[in-house]
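A.B. asks: For what it's worth, our numbering labels the leading residue of the first sequence as 220, then goes sequentially.
Among the hints, erroneous ones may be present.
[To be verified] 27 Å max Cα-Cα, derived BS3-like pairs, lysine-lysine:
no. : residue 1 : residue 2
1   : Lys224    : Lys250
2   : Lys235    : Lys316
3   : Lys321    : Lys235
4   : Lys321    : Lys224
5   : Lys252    : Lys321
6   : Lys294    : Lys316
7   : Lys321    : Lys237
8   : Lys235    : Lys250
9   : Lys294    : Lys237
10  : Lys224    : Lys235
11  : Lys224    : Lys294
12  : Lys321    : Lys294
13  : Lys321    : Lys250
14  : Lys237    : Lys224
15  : Lys252    : Lys237
16  : Lys252    : Lys316
17  : Lys316    : Lys250
18  : Lys237    : Lys250
19  : Lys252    : Lys235
20  : Lys235    : Lys294
21  : Lys224    : Lys252
22  : Lys316    : Lys237
Honestly, the hints are just simulated from the structure, not real lab data.
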Amino acid sequence: MNFYKRTALVCRQIPKGKVATYGQIAMLCGKPKNARQVGYALGHNLAGDVPAYRVVNASGILSGAAAFETPDLQKQMLEQEGIRVNRTERGLQIDLKRDGWKNTMEDALWLRNEFEVRGI
DNA sequence: TCAGTGACCAGAC
DNA sequence: CGTCTGGCCACTG
Numbered sequence: 220m221n222f223y224k225r226t227a228l229v230c231r232q233i234p235k236g237k238v239a240t241y242g243q244i245a246m247l248c249g250k251p252k253n254a255r256q257v258g259y260a261l262g263h264n265l266a267g268d269v270p271a272y273r274v275v276n277a278s279g280i281l282s283g284a285a286a287f288e289t290p291d292l293q294k295q296m297l298e299q300e301g302i303r304v305n306r307t308e309r310g311l312q313i314d315l316k317r318d319g320w321k322n323t324m325e326d327a328l329w330l331r332n333e334f335e336v337r338g339i
């Protein structure tokens, strides 16, 4: 499906050492209200081969950590890239101020062009 | 057709 | 900071 292909393309643009939120990805896909579908796509591997570990919810919490092979896998992958992961009562959390991906208008325009070129 | 579900979110307080 | 609420929408049985 179109939306999921876009999800994959956007996820692959998340820079190493940064994390993006579900809403942010949905936004870049042109469907700002589909944050849940992004989570659905990643959870069911509908988005294909993408760095899903770089995606967290709007609070910076690794809400999908349980879906990885081992409970700590997502945390380890992120720390390996220099991202700080804190343990809180709510779960593993990231400081989005520090490690969040700040997309620029350039990023958005580039993506829009990629969608057009690939017809997705 | 329809209700239930989910790796969600913004707003109100 | 924190909790609660209503909204969101593709997918599924």
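A.B. asks: All hints, please: hold or fail.
C.D. replies: Against the structure, the hints:
no.	hint	in the structure
1	Lys224 - Lys250	holds, 13 Å
2	Lys235 - Lys316	holds, 16 Å
3	Lys321 - Lys235	holds, 13 Å
4	Lys321 - Lys224	holds, 22 Å
5	Lys252 - Lys321	holds, 19 Å
6	Lys294 - Lys316	holds, 18 Å
7	Lys321 - Lys237	holds, 9 Å
8	Lys235 - Lys250	holds, 24 Å
9	Lys294 - Lys237	holds, 13 Å
10	Lys224 - Lys235	holds, 20 Å
11	Lys224 - Lys294	holds, 26 Å
12	Lys321 - Lys294	holds, 21 Å
13	Lys321 - Lys250	holds, 18 Å
14	Lys237 - Lys224	holds, 21 Å
15	Lys252 - Lys237	holds, 23 Å
16	Lys252 - Lys316	holds, 23 Å
17	Lys316 - Lys250	holds, 24 Å
18	Lys237 - Lys250	holds, 22 Å
19	Lys252 - Lys235	holds, 26 Å
20	Lys235 - Lys294	holds, 14 Å
21	Lys224 - Lys252	holds, 17 Å
22	Lys316 - Lys237	holds, 11 Å
In this structure, every one of the numbered hints holds.
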